[in-house]
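Peer 1: First to last, the sequence lines map onto chains C and S.
Quick note: the first sequence uses this note's numbering, first residue 1, plus one each step.
Quick note: the second sequence uses this note's numbering, first residue 385, plus one each step.
No false leads were mixed into what you were given.
Derived CB-CB ranges, DEER-like:
#1 C:ARG204 <-> S:LYS766: 40 to 48 Å
#2 S:GLN717 <-> C:LEU229: 39 to 47 Å
#3 C:PRO232 <-> S:PRO565: 54 to 62 Å
#4 C:SER230 <-> S:SER539: 54 to 62 Å
#5 C:ARG121 <-> S:ASN413: 28 to 36 Å
#6 S:GLU733 <-> C:ARG204: 44 to 52 Å
#7 C:GLY206 <-> S:GLU733: 41 to 49 Å
#8 C:GLU28 <-> S:LYS736: 48 to 56 Å
Derived pair list, reagent style DSSO-like, types lysine-lysine, alpha-carbon separation capped at 30 Å:
#9 S:LYS426 <-> S:LYS400
#10 C:LYS295 <-> C:LYS326
#11 C:LYS56 <-> C:LYS42
#12 C:LYS368 <-> S:LYS400
#13 S:LYS721 <-> S:LYS611
#14 S:LYS752 <-> C:LYS16
Keep in mind the hints are simulated off the structure, nothing from the lab.
Cβ coordinates follow ideal geometry from the N, Cα and C atoms, glycine included.
There are 2 protein chains.
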Amino acid sequence: MDNFSFHNPTRLHFGKGQIAAVTAEIPENARVLITYGGGSIKRNGTLEQVLAALKKHTVLQFGGIEPNPTYETLMKAVELARKEQIDFLLAVGGGSVIDGTKFIAAAIPFEGDPWQILSERAAVTRAIPAGNVLTLPATGSESNAAAVVTRRETSDKLSFISPEVYPQFAILDPETTYSLPVSQSANGVVDAFVHVMEQYLTVREGAQVQDRYAEGLLLTLIEEGPKVLSQPDNYDVRATIMWTANQALNGLIGRGVAQDWSTHMIGHELTALYGLDHAKTLAIILPSVMDVMRKQKADKILQYGQRIWGISSGSDQERIDAAIEKTRDFFEQMGIKTRLADYGIGADEVVKLIDQLKRHNMIALGEKQNITLELSESILRKAL
Amino acid sequence: MDNFSFHNPTRLHFGKGQIAAVTAEIPENARVLITYGGGSIKRNGTLEQVLAALKKHTVLQFGGIEPNPTYETLMKAVELARKEQIDFLLAVGGGSVIDGTKFIAAAIPFEGDPWQILSERAAVTRAIPAGNVLTLPATGSESNAAAVVTRRETSDKLSFISPEVYPQFAILDPETTYSLPVSQSANGVVDAFVHVMEQYLTVREGAQVQDRYAEGLLLTLIEEGPKVLSQPDNYDVRATIMWTANQALNGLIGRGVAQDWSTHMIGHELTALYGLDHAKTLAIILPSVMDVMRKQKADKILQYGQRIWGISSGSDQERIDAAIEKTRDFFEQMGIKTRLADYGIGADEVVKLIDQLKRHNMIALGEKQNITLELSESILRKAL
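If we strip away everything but chain C, and leave its shape as in the complex, we get:
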């Protein structure tokens, strides 16, 4: 196990009716900006509950944050927040709204062009305090320090991480997720699954607790994920998925171990160029990363195959093939296609994607920084 430090400062309030906890979490004299997306929180009653909790606060609203939140939209919120002297942000939505709100929080007090936070990873030394009401379990953004933002005009999808943007609190009420469209529920399960895999499926290194935790989350997603599609109003299922997605990326399972975020990095380019849902890009790329990196990851893929899918017979290569196939099948079972061709993306696009990776300096990915552009190209070609 590698040395590590760990501290997750976000206060979590999980369960039915927990939106009421917002009242005590935000200072009474704060000027609050509620940020949200396309308006589903108005239709499903979540916004109403939030406003009821904040009836003694000064509250403004900013809607219209897109899936894969854009710099262009977020800067409008920054402008509004500066003008209105907002001193607390409350994101109400899924990972896109929460990610976007982290950027807004960092950009408000930023001196200089806030785009540098993403393009140059300029240090974020201050941010406006923020909390969130999660309505789409998937990204774990509700209690981590990372955010991904897209600049539409240049097709850049870039991330930043700063302890300054850890949410102060996160409200996870599974009932807010009953009304999610099937595709978003499915995306959330696959997103969480891949988050776990990227912290788990690297090299074997004697980190048993992290392995067992990761495996526990994977098994839970496999058991409960399909139920989200067939029983969307089942509280226990929604609660389990919400807690699993949170644990998948709150920092815990990744402490002290190697990580491989190549699937995300390659996937980001698919979203930036073709607008594919984030989770769909992950479902396309992960099986291919497993295939191309099968030698380096052999021990861990075999462990994964055995413990998650009960694959215990055949040669190592056969077992690895079976583990990849099971992974792909699970994504397909969740209704998510796993081939570029399924989305109309052909072999002639691979060069463009590699150019994007090069432009974003994604030239040494993976747990050993040895996924070169050449290997990324192999990964994309295997995903056709």
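Starting from the structure of chain C, add chain S where the hints point.
Peer 2: For chain S alone, coordinates are given in the frame of chain C:
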């Protein structure tokens, strides 16, 4: 899953050489009292490393905190700290030193008789800030808000919980544990195992993540625990055990689920009356709790038997018997005897133990508060 809130504020620094992190964790102008136990930290070099990290700080020392720390000893530290205007406590040791230091931290600013914190669970509204350097993985005290203290003169072993006594930081350097006596290493593994069981082995309630996490910790302790005895200098083994024991009682696996601390509560009386090591009391009582409460816990014991020990054949009662037997065998494998008779405690002592439980108002234990004194008596008799 039940509603819950979760926030663990303790900053963890895990790994080789992390004692150096103490320097930045304690304000430079603080007056620090280092608290410790019997002096092993002097012999194994841990104190030296701590003092090196604090060479610019004002440091006093208070040694002699016993296993099962006593109120009598701790109050001497309170007196010293008040006189010397200590404003930061640094516990260097295992759970007893850290528990004791939590009490010291709460008692220093307490108005009135600090014994009330334990005897009446008087509210702790302030505490001196504290951190710790853990040298014995077992209790999880390094990053939780609970402490247990014994009053020698009255044979009371009582606990308190307050968010005010969460350690600000915890240093977990597995190398500090190389020199532990075999019996303490074994006690630590069993203590952590039982902590997990008390949050896991209750009723089945659709909390899959918590179940899988708990099972992951149990499997890890079963795989790695015996290696601590045979390979005391194996860093990976020591690191895994240290991280497992931390996770076993940092609050995470117990969120949103029923808990049953009857084993601890009954065990405390064995320590209070006969001075048995804490872990040994747990190894005696847990199998007996499983046996007596087998009906209420049937679903979970069967799940435990299947997932942890691979017990999948026989009638339910046979499988439950087998699961209890495996649990007992594991403790014995760790060198810890599991019968009261092994410690010279006979049937005639049961009445005394029940009197103690009654005096401490432990009359409704377990996840359903239905372990009456009569059932506790059955549990003790089954443990003879």
